[in-house]
Amino acid sequence: NGFSFLDPSFMICGCHLIPSFSNGHMMALLWQGASVARCPTNDDDWCSFYVNIFADHDMFCHFTAIGVGH
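Just so we're on the same page, my numbering is the position in the sequence shown counted from 1, plus 7.
Hints are not guaranteed to be accurate.
What the hints assert, rightly or not - Simulated restraints, written as ranges between beta carbons of each label pair: (1) Val58 - His32: 17 to 25 Å; (2) Met34 - Phe12: 35 to 43 Å; (3) Pro15 - Asn49: 15 to 23 Å; (4) Phe10 - Gly40: 26 to 34 Å.
None of these hints come from the bench; they were simulated from the model.
Here a beta-carbon is modelled for each residue, glycine too, at the ideal position from N, C-alpha and C.
Taking the hints into account, I'd like the entire structure generated from these sequences.
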C-alpha cells in the first residue's frame with residue numbers, strides 16, 4: 008500500500024553506483040534530451056553498474072559501529 012507507514016529502517020540513506028566499465032555504453036536507458044542525470048553533451052549511459060555497500064566513510068563507520076555516525 009503506497010499510503011501506509013514506512014519503517015525508517017527500510018530507507019536507503021545513500022547509494023554509491025560504480026559504472027561497469029567493461030560492459031560499455033548504451034543509449035536506451037536514459038531519456039533523450041535535457042536531463043539532470045548527465046551532461047548536456049552526453050547522449051549515452053553505462054550499460055550496468057555495481058552497487059557499493061557504503062556510500063561514504065561516515066556510513067561505513069556508522070554501520071560497523073566504529074564511529075559516531077551522523
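Status of the hints after comparison with the structure:
1. Val58 - His32: 17 to 25 Å: Cβ of Val58 to Cβ of His32: about 19 Å, so the range 17 to 25 Å holds.
2. Met34 - Phe12: 35 to 43 Å: 40 Å, holds
3. Pro15 - Asn49: 15 to 23 Å: Given a distance of about 36 Å, which is not inside 15 to 23 Å, the answer is violated.
4. Phe10 - Gly40: 26 to 34 Å: 33 Å, holds
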